[in-house]
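S.K.: Per the UniProt record's numbering, residue 1 is the first one in the sequence shown, and the count goes up by one each step.
Because the hints were derived from the structure by calculation, they are not lab data. Treat the hints loosely; a few may be bogus.
Listed below are the simulated EDC-like cross-link pairs for lysine to aspartate or glutamate, each with C-alpha atoms no more than 20 Å apart in a straight line [unchecked claim]: (1) Lys454 <-> Asp365; (2) Lys394 <-> Asp365; (3) Lys682 <-> Asp733; (4) Lys510 <-> Glu440; (5) Lys504 <-> Asp426; (6) Lys465 <-> Asp478; (7) Lys400 <-> Asp383; (8) Lys658 <-> Asp733; (9) Lys643 <-> Glu632; (10) Lys682 <-> Asp724; (11) Lys193 <-> Glu529; (12) Lys428 <-> Asp478; (13) Lys682 <-> Asp694; (14) Lys525 <-> Asp498; (15) Lys400 <-> Asp365; (16) Lys696 <-> Glu683; (17) Lys624 <-> Glu668; (18) Lys193 <-> Glu155; (19) Lys465 <-> Glu529; (20) Lys625 <-> Glu635; (21) Lys400 <-> Glu387; (22) Lys625 <-> Glu668; (23) Lys658 <-> Glu622.
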Amino acid sequence: MANGLWICLLTAFLHISFTSADTNSQDAAALASLRNMWQSTPRNWQGSDPCGSQWDGITCKNGRIIYIQLSSIGLKGPLTGDILSLTELQILDLSYNKGLTGPLPSSIGSLNKLTNLILVGCSFSGNIPNQIGSLNQLVFLSLNSNSFTGQIPPEIGYLENLYWLDLADNALSGTIPVSSMSTPGLDLLIHTKHFHFGNNQLSGTIPAQLFNSSMQLVHVLFDGNKLSGSIPSTLGLVTTLEAVRFDRNSLSGTVPSSINNLSSINELHLSNNQLTGPVPNLTSMNNLQYVDLSNNSFDVSDVPPWFSTLGSLTTLVMENLQVQGQLPQQLFSIPTLQTLSLRNNRFNGTLNMGQNFSLQLQTIDLQSNFISQFVTGGGYSNDLLLEGNLYCDKPDALPKYCTLPQQSTPYSTGLRNCVPIPCPPDQKLSPTCLCLYPYEGTLFFRAPSFSTLKNSSHYTTLEGKLMTSFTIHQLPVDSVSLSNVTNNADEYLQMNLDVFPANKLRFNVKEVLNIGFILSNQTFKPPPEFGPFYFIGQSYSHFSEALTGSNKPVNLAAIVGAATGGSVLALLLIIVGVYAYRQKRKVKAVTEQSKPFASWDPSKSSGSIPQLKGARWFSYDELKKCTNNFLEDNELGSGGYGKVYRGILPTGQLLAIKRAQQGSMQGEQMLVYEFIPNGSLKESLTGKSGVRLDWKRRLGVALGSARGLAYLHELASPPIVHRDIKSNNILIDDRLNAKVADFGLSKPMGDSEKGHVTTQVKGTMVSSAFIEATTILVNNFIVEK
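I would like the entire structure built from these sequences, with the hints used as guidance.
M.R.: Have a look at this one:
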């Protein structure tokens, strides 16, 4: 009996031991597969045991891999389905590796112990797999700043432990999913605090069912989409909300009165929509600090009473509305007020700021109103813009109020009482006057509660918080530097961040991975006034040989073996080289065809100039694959030529593909263009695109268009005359760069034609084109000035 019991126990022990060994080997095999698929893995990824060899970026427990943290090291390649073997994995962070491409494998749904899935700032594409809804333990889901397409998986609604949901800055389309009797939806996420969906292509209405009183949401960010319909009154049920961004959509109807229930809200952005009815009543929003209602179609209204009662207000932006009346003196005395931007309204009468205006008030923009008098008492000396008012037509008007001020220099971290020294071109000077290799990236704050960029105290506080966070995690950081602080086109506060190493020239791999994780995982908490943020890190390329484990003991046997093998390899290479040379000649023509430019001419005084020898061509199968078999969800529109589809290359680049309509005389010919998200200049000028072009940006577009035409006329080989320039044919990319488009009527010029001006009318009639261009420029100048 006793012998039988011992045999049973021994058998169970052996079974457990072998099972553990099998699972360990599965982990190692999965990671070895990823190592073979990826380029630029850490140099100490050697051998067959990631846990025993302590591979950089890999954390193990009981011989099983539980964390993979590999941010900012330049990884390239796909994420394969082999990852399903890592059944104990809890954290997967591959952020800030732009070379990671392809779809997210559906097998990721097998990692049922995963709590953090962080893939920020990569180039993953395709649909977000529905199987992600199987990750029941998931707390952080950050897939922002990739190239994902398709709809938001409704199965995300099953993630009952989810705290952070960030799918922003992708190309997601379709409607916002809510639950039904048979399907889940985002309305089930009652414990989630962050809905970040900005800068996608979501359409349809905001469902009333999306919001309910059980939710604990703090941030609801749907800015920069294609949402339509009205703002649901159920939004007022989520009284925990602190930041709401619905700006840059196509929302219409009146703002529901229930929004006044959001007494905890700090930032409210409803600008650049088609909202109508009265200006919303915000009287009960006692904590409101930043509000932007610009560029809507509200009724003509008098100055709202809440202009003088919101005691925490820092920023009031209400441009291009129809608000009228005399501004109350109490508005300027709100002690926290920093910016008033009220241009292009109907404010009139006398502007009287009184004696007790806010000491933080930096900018008052009242351009293009009807103000006739200004009482200068009080000694206000910061920016006051009254150009375009009746006041500036008077002979006694003060010029400084009727001209645009010079833009101030963006904030940069100063030196700490030390003498600067010249640094090598690949190093940077730290605030402590040392030449080092910093870790670099860009911080984006999506809803800050302040607007003045001149107050350096905000940034010194932020620097202190960053240093504290790095110190707590025992990272060797000497100092941090912030620079180029700006408001970008999305109205996000953007700044460059440099993190400098302490007591050495450069960081090692583990240190970079830890810094990246602190910023990608939201471990770093900025000061409250900065609001929600995300970070896009650059790949760190300054690792030294010694710090990354490549200095290893020399093995004599290995050297002898390598020498012998090298001799054999040399012979094989000669044979392969002859074969490859013959094959190269066969494919040369095909290779040349696939390049957009065959050569670059460096002889031009302005730099290397592309010589147009032929456009890049794609096979039908390539275009079919990148549009998901011309899926209807990828359809952008249609025209006389046929339908236009959105496509994504394996590199993550977005395309616009014109496919000839069925039955046309062209068969399956297609035209492939770069996808330009902001549409045409005409759409921006008329407000259809949602892009707000101030005078500076319009001037930049004009200069960019001129440079494009100058290139076509003078530098292209052969030179090209466009012959159809108009605002419809100037496109605006995501960085507001102008791109000359639609070359259907263009004509190349030979040497004999240079200097000749054709009188033949093509495209838009010359007279109408001239009238259109002149009218746009003059009207916009009047509006802006």
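S.K.: If a hint holds in the structure, say so; if it does not, say that too.
M.R.: Going through the hints against the structure:
no.: 1; hint: Lys454 <-> Asp365; verdict: holds (16 Å)
no.: 2; hint: Lys394 <-> Asp365; verdict: holds (19 Å)
no.: 3; hint: Lys682 <-> Asp733; verdict: holds (13 Å)
no.: 4; hint: Lys510 <-> Glu440; verdict: holds (16 Å)
no.: 5; hint: Lys504 <-> Asp426; verdict: holds (16 Å)
no.: 6; hint: Lys465 <-> Asp478; verdict: holds (14 Å)
no.: 7; hint: Lys400 <-> Asp383; verdict: holds (9 Å)
no.: 8; hint: Lys658 <-> Asp733; verdict: holds (18 Å)
no.: 9; hint: Lys643 <-> Glu632; verdict: holds (10 Å)
no.: 10; hint: Lys682 <-> Asp724; verdict: holds (14 Å)
no.: 11; hint: Lys193 <-> Glu529; verdict: holds (18 Å)
no.: 12; hint: Lys428 <-> Asp478; verdict: holds (13 Å)
no.: 13; hint: Lys682 <-> Asp694; verdict: holds (14 Å)
no.: 14; hint: Lys525 <-> Asp498; verdict: holds (17 Å)
no.: 15; hint: Lys400 <-> Asp365; verdict: holds (13 Å)
no.: 16; hint: Lys696 <-> Glu683; verdict: holds (18 Å)
no.: 17; hint: Lys624 <-> Glu668; verdict: holds (11 Å)
no.: 18; hint: Lys193 <-> Glu155; verdict: holds (18 Å)
no.: 19; hint: Lys465 <-> Glu529; verdict: holds (13 Å)
no.: 20; hint: Lys625 <-> Glu635; verdict: holds (14 Å)
no.: 21; hint: Lys400 <-> Glu387; verdict: holds (10 Å)
no.: 22; hint: Lys625 <-> Glu668; verdict: holds (15 Å)
no.: 23; hint: Lys658 <-> Glu622; verdict: holds (14 Å)
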